[in-house]
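Visitor: Protein chains in written order, with my numbering: chain B, 1 to 255; chain E, 1 to 259.
Honestly, the hints are just simulated from the structure, not real lab data.
Glycine included, every Cβ here is placed at the ideal spot set by N, Cα and C.
Treat the hints with caution; some may be incorrect.
[Stated by the list, open to error] With the Cβ distance kept under 7 Å, some of the chain E side facing chain B (calculated, not the full set): (1) 16; (2) 40; (3) 118; (4) 121; (5) 122; (6) 126; (7) 198; (8) 216; (9) 225; (10) 232; (11) 240; (12) 247.
[As the list claims (entries may be wrong)] Counterexamples of contact, computed for chain E against chain B with all Cβ distances above 12 Å: (13) 5; (14) 13; (15) 44; (16) 51; (17) 83; (18) 176; (19) 178; (20) 252.
So the chains spell out like this:
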Amino acid sequence: MPWRPLVVNLLRVLLLFALLYSWQFAVDAGWLKKIFWSRPTDIWVELVGWWRDGTLARASLESLDVFAVGYAAGLLTGLVLGALLGSSRGFARLVEPFVAFVNATPRLILLPLFMVWFGFGIAPRYFLVASVIFIVVAINTAAGIRDVPATLVNDVRMKGGGRAALGLEVYAPSIVLWVLTAARVNVGYALNAAIASEFIGASGGLGYLIVDGQGKFLASQIFAALTVVLVIALVLDTALLAVEQRATRWMPSID
Amino acid sequence: MPRRRAGLRAIAVLAVQVLMVAGLVVIWALASRRLGVRLLVSTPGAVISWWWEWAQGRRVNGLEDLRVTLYEALLGYLLGIVLGVAGAVLMSASWWVRQVLAPLAAIANALPKIAMAPLFILVFGATLPGKVYFVTAGVVFIAFFSVYSGLRSIDRIYIDHVRALGAGRLWLIREVYAPATVGWLATSLRLMAAWSLASAVIAEYISSSSGMGYVIAFGQQLIKPEQVIAGILTIAAVAMAADRVIVQVERRFRGWRLA
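The following block holds chain E by itself, in its conformation from the complex:
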């Protein structure tokens, strides 16, 4: 009996949620019948039809825009992970290196990365590598600090214990260092994904001729709110989907963690 009631409640919650979304869309549609409002928020129908035409390649660059943005975000994301992990490993290698470089890393981390977008555009132009580097700069410190904290959080006892059992460097990495840092890195992967998407879109927004940021900027210039809203909603949906995927991957690898 209780299980059935829980199931019923879940259905009720879902129904109310669907109703809430439907209600919002209805309010949006009704409010946008007035011209003043329509100029600000367009209409649900206009947004959907714009999106459909865009997806078929009849507006801006079509799905190519989404592909460009995802490409920049993904490359920058991967580069950020590689550089962040490498930096953390190098810095953990020696007491002296760690002590001397730690404040520099903290200072570099404190700088709001978005503020550097125009600098990257000045140096690299509106090119694809420039945007990838900008995304990398935005996420590299998230990876770096999570792995660095993971490596520093390892109890000496584990290391001594595995060493006493005759472990070499490789064994130590596989049995102690990697499991200890994977959990730390995993928690930062979601944050990095959101940041890399946002960084790519902002770099495109400021200067580009393709990508979702360009779609949004162009829509704003043309005073087409349906284009701006459709662009933002597309990015939001992609970000949400990426987040879900990372959560699922993280769940699968949870077994390989140092408890």
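Just chain B, same shape as in the assembly:
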């Protein structure tokens, strides 16, 4: 039925407009308080203003800086720790309870501690983002290494493959696969951490705009900043999905 997708898409757009319209209507009619809920048109005006005066680019870049540097640092430390965990059974057994402890701890609450340790600049924000994702990367890296079948390792060894060949041709693809499957979840965590880190002691960035809006009772500022965060999250997620699908194209589909 070729008309079905068309109708579905039409319904989606209609639903979105209906939601935005009823929001606007409810505020105008006085059912929702404007000071709390703002209005779609006010949020739009706020966004256009940010676009014109450069706030949009500045705040987004500042938040993305925290996100990207923290993510890269978390990825690197996670890969190193994961490689140790995956390649040495004794080491894995020794540190297992510590890994479980760190993994169960809500790391987002570490920011106050990091701010005492690393100052009130951008450094504690990097540490927070890295701390949120590194353990997930480590666990997945270790799983990727253990997931390699022994027969495959023996096969490559028998054909004369050394350490380098094993690392690049056998272990690396498995690690990439495992880390990639966790990458989308991790990007969500890292973005949460980056925004949350700007709630405290920051003077810029999207998280700062959100708390600043709360402090000044400017609901449109909060909603506008949340809209930007949402767009960034969607773009990152879509990009990662494309990477994931490309990287796993060689695998037989499970469907």
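We have chain B already, so just place chain E on it with the hints.
Guide: Same frame as chain B, now just chain E:
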């Protein structure tokens, strides 16, 4: 003989682990003899004595803080499960509803929930319900998507088979839908627990006068690292304990799963 060696090794591993923790504490204690370091990490003794005085109710609000945080986290957690499961069931009911709403659910899920904390505080104030709703918003999509995937992963053959045997709606739910989704939900319960605790603490941190988040924020304002560290360690211990409990519960119910 091999069994005995394995037992010996387990004891050795445990001994080394205990030594590692002891070593960390000793390094911490030695390093904090210098004033500059002590201002950053306090001392093990100060953290323990602060915690003891707090537990007896002589600091901040005492154990009441922990109770408030756990209450918010637990209520938000349960509300998140109920709403998530209900949403997934409703959405799976009809092809049209599913098709139209799926992108909206995905968009709502993509929004970093922590970013909404100030919005909840603006709308609900620094009240308890506001924090519960914030926790719910943080975990509801985890439950929703796990149950939704579980319901969609059911092989038509099972449904047709049970129907052919004369099953009605209730029977289908008990024999096919529930077992198929329980496993999916169970794997998300641990993740939801960690998130609900973190969400509650962060909401309290931003604006509150009780709870572990308040303990941490207050300690930071007073420049008392022992209070910040004791607060964080308490939450970490609670999170770890909650995680263990959920793993145990999950293990008990493992039999009731669709293989």
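Visitor: It remains to establish, for every hint, whether it holds in the given structure.
Guide: Hints, one by one, checked against the model:
no. : hint : result
1   : 16   : 6 Å, holds
2   : 40   : 6 Å, holds
3   : 118  : 4 Å, holds
4   : 121  : 6 Å, holds
5   : 122  : 5 Å, holds
6   : 126  : 11 Å, violated
7   : 198  : 3 Å, holds
8   : 216  : 5 Å, holds
9   : 225  : 6 Å, holds
10  : 232  : 6 Å, holds
11  : 240  : 4 Å, holds
12  : 247  : 10 Å, violated
13  : 5    : 14 Å, holds
14  : 13   : 5 Å, violated
15  : 44   : 15 Å, holds
16  : 51   : 15 Å, holds
17  : 83   : 18 Å, holds
18  : 176  : 21 Å, holds
19  : 178  : 24 Å, holds
20  : 252  : 20 Å, holds
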